[in-house]
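S.K.: Given the coordinates of chain L, assemble chain W onto it according to the supplied hints.
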Amino acid sequence: MPEEPKSAPPVEVPEELAGVAQRFDFPLDLVRRALALGMPPHNLASQIMSGMRPEVAEMFIARQEAALRGNPDEMQAPPLNLGWMQVPTEWGVRVKPGKKGLTLGSLNVGTYGDIPDRWPHQTELPRGAHPIPGVPGMGYTIYDKVELWADNAADLYEEGIARRWRPATDVPWETIELLPEELERAMGQLCTYFCEKALLAGDVVGKWLPRMSYGYHEVKCFLAVAEMDVARRFEVFRKRALYNGGGLGLQSPGLFHRTILDARTWTETSLVLHVVSDSFLLGLYQAGEWFAHNPAEKLIFRRAAEDVSRHVAYGLAHLKYVLQQQPGRRAEVHRYLNKSEMMMIEEDNADNPRREALLILLGGGLSKAQLGVGACRLEGIRARQARDYQRRLEWAGLPERRNLMHPTLRRYLLESPVAA
Amino acid sequence: MTVNFPSVEWFEAVKELVNSDETYRRIGTCDATVGISISDREKYFVVTFEAFACLGAREVTQAEAQDADFYLSMPYEGWKEMLGNIKEHSGADLGHTLNTLDLNDPEGVARSRDGYRRDLFYRFNESFQYFFDASHRLDTQFVN
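Listed in order, the protein sequences are those of chains L and W. Every letter in the first sequence is one number past the one before it in the numbering used here, and letter 104, counting from 1, is 104. The number in the numbering used here is simply the position in the second sequence, starting from 1, with 420 added.
These are calculated hints, taken from the structure and not from any lab test. Every value quoted in this text rests on a predicted model; they were computed, and no experiment measured them. Using N, Cα and C, we set each Cβ at its ideal position, and we do this for glycine too. Among the clues, some could well be false.
Said to hold, decoys possible - Below, computed lysine to aspartate or glutamate pairings styled on EDC-like, alpha-carbon distance capped at 20 Å:
#	chain 1	residue 1	chain 2	residue 2
1	W	K500	W	E432
2	L	K100	W	D451
3	L	K100	W	D441
4	L	K99	W	E442
5	L	K368	L	E182
6	L	K99	W	D441
7	L	K99	W	E470
8	L	K320	W	D559
9	W	K463	W	E442
10	L	K368	L	E181
11	L	K100	W	E470
12	L	K320	L	E181
13	L	K207	L	D262
14	L	K96	W	E470
15	L	K145	L	E124
16	L	K320	L	E394
17	L	K99	W	E436
Unchecked claim - If you want the footprint, here are the derived chain L segments under chain W, 3+ residues with CB under 8 Å:
#	region
18	158–166
19	287–300
20	306–312
21	379–388
Stated by the list, open to error - Quick look at which bits of chain W chain L covers, simulated, 3 or more residues with Cβ under 8 Å:
#	region
22	436–442
23	464–475
24	510–519
25	545–554
The following block holds chain L by itself, in its conformation from the complex (with noise of 0.2 Å):
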């Protein structure tokens, strides 16, 4: 038994814990050494009663008082295993940074590129890591790759991050100046629509994310950036609506955000979110960029614009793979589209405000005759919105969406180009 520290001032063993150290054989002088370190009686009873052997307290003991002391020389290192460096899996990767650096779809070398078509970890195991019996499961749900994969998923994480932008220090917030009454409000009502779908995309994504198992840690990654995406978003529209002298305005409806939060599965949810709804979201941000009354609003609704264009990517891109994989989905995937371009034009009828607002916006003011140009310039939106649409679908692998879409976007398709 080492000899106590000079320094060890007394200390005095508590009755109880010294009644405890001596039913378990557990040396006092052990006791006093841990209660000099500032180890509370009551732990220190615990541990002896748990059956703490006096060699192993002697060696945690000593290390502190070695600390304290501050000369490493005197330290005990514990007893090292090693056994973990004799892991079976693959050794020697040297991945190398390209044009954009070290990037995370590089890293898909060897093994560490084996992407199963199913996951059978239930754990946080990342890809290409060994796994250790008995560690408890963490819940997922989602385990094929068919249910949430897109082989853009890796670049669209590294884009999404080296092109983040800062609202609070990018935007020229400066350039902003006092508008018309009508135009500020009808912005204000504007900024609390694209509020509210920036909130509500993160509570989607945000309650998917945790089911993905992580052998798809590329589309965990890109959701996580596209998390930040949305919260960004919600941020410079709440920014611009308290900028200038207005505020917000009223709440939507809310019917198509049902449709989105009810739907299943994930593939539906990013059918919804991404190809449907992003894929409006981004006409909008373009009109907004086209009506923007300074740099600042310019620069705000293009920047939105990309982030959310990436979203509307990656949703693509996982339909495509789903319609490739499984062909047989795709009687399902039109009857989703069924249902959310309906909720979403009925959703667009309901929402008055928003509306009204565009047309102010669009149009410049509120006189008849820019009104007027609003309403002619609105209808120029949506055929681009529903043609940029049919377009994206066609390229997913849905061409015959072209003849199936919700009449309302399918006339627009059908007539010539409107002037926008």
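M.R.: Then chain W, alone, in the frame of chain L:
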């Protein structure tokens, strides 16, 4: 420096400007091939963007320009107006950004046969805008 528009030299000159501009790099990575179509002058180019740089431009056929990820199509006077506005204001004013010009045209200025690849116009719009805005540092001579 005086450069004729439209020409490969013009696009290469803008390329040199943005590739040495830290602000362009900080916008982020951009991966796209962009066609340039000035059909009334039968002039077509492809400008390639990769990672943090513009790789360069080459003169191509109309079909090759239309095979890019997307192509920007305007008549010569439209290009002249946009670039003249950029020169005058050291960057496009509110009425002359790429997105605004795209919406002003019923057919759209940014076109593509591919609905996914056309979206690159949106995904990297800030980079493309910065590219054309950089041309205000050139003395552009419009070839009539």
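S.K.: Is the Cα-Cα distance between K320(L) and D559(W) 20 Å or less?
M.R.: It is violated: about 46 Å lies between the C-alpha atoms, which goes past 20 Å.
S.K.: Would the pair K100(L) and D441(W) pass a check requiring their Cα atoms to be no farther apart than 20 Å?
M.R.: Roughly 17 Å between the alpha carbons, so the hint for K100(L) and D441(W) holds.
S.K.: K99(L) and D441(W): Cα distance at most 20 Å?
M.R.: holds (17 Å)
S.K.: Tell me whether the statement that chain W covers the region 287–300 of chain L is true, taking a Cβ distance below 8 Å and needing three residues at minimum.
M.R.: Per the Cβ count (9), the hint holds.
S.K.: Next pair to validate is K368(L) with E182(L); report whether the Cα-Cα distance is within 20 Å.
M.R.: holds (14 Å)
S.K.: Count the residues of the region 306–312 of chain L whose Cβ falls closer than 8 Å to any Cβ of chain W, and tell me whether that reaches three.
M.R.: Since three or more residues must qualify, the claim that chain W covers the region 306–312 of chain L holds, with 4 doing so at under 8 Å.
S.K.: Is the straight-line distance between the alpha-carbon of K320(L) and that of E394(L) 20 Å or less?
M.R.: With Cα atoms ~10 Å apart, K320(L) and E394(L) stay inside 20 Å; holds.
S.K.: With a Cβ-Cβ cutoff of 8 Å, does the region 379–388 of chain L contain at least three residues near chain W?
M.R.: holds (count 4)
S.K.: Within 20 Å, alpha carbon to alpha carbon, are K99(L) and E442(W)?
M.R.: Cα-Cα ~16 Å, so holds.
S.K.: Quick check: the region 545–554 of chain W, covered by chain L? Criterion 3+ residues, Cβ under 8 Å.
M.R.: Result for this restraint: holds, n = 3.
S.K.: For a C-alpha distance cap of 20 Å, please report whether K207(L) and D262(L) respect it.
M.R.: Given pair K207(L), D262(L) holds - Cα atoms ~12 Å apart, limit 20 Å.
S.K.: What's the verdict on K100(L) and E470(W), does the C-alpha distance respect the 20 Å limit or exceed it?
M.R.: holds (9 Å)
Violated hints, listed in ascending order, are 8, 9, 12 and 22; each of the other numbered hints is respected by the structure.
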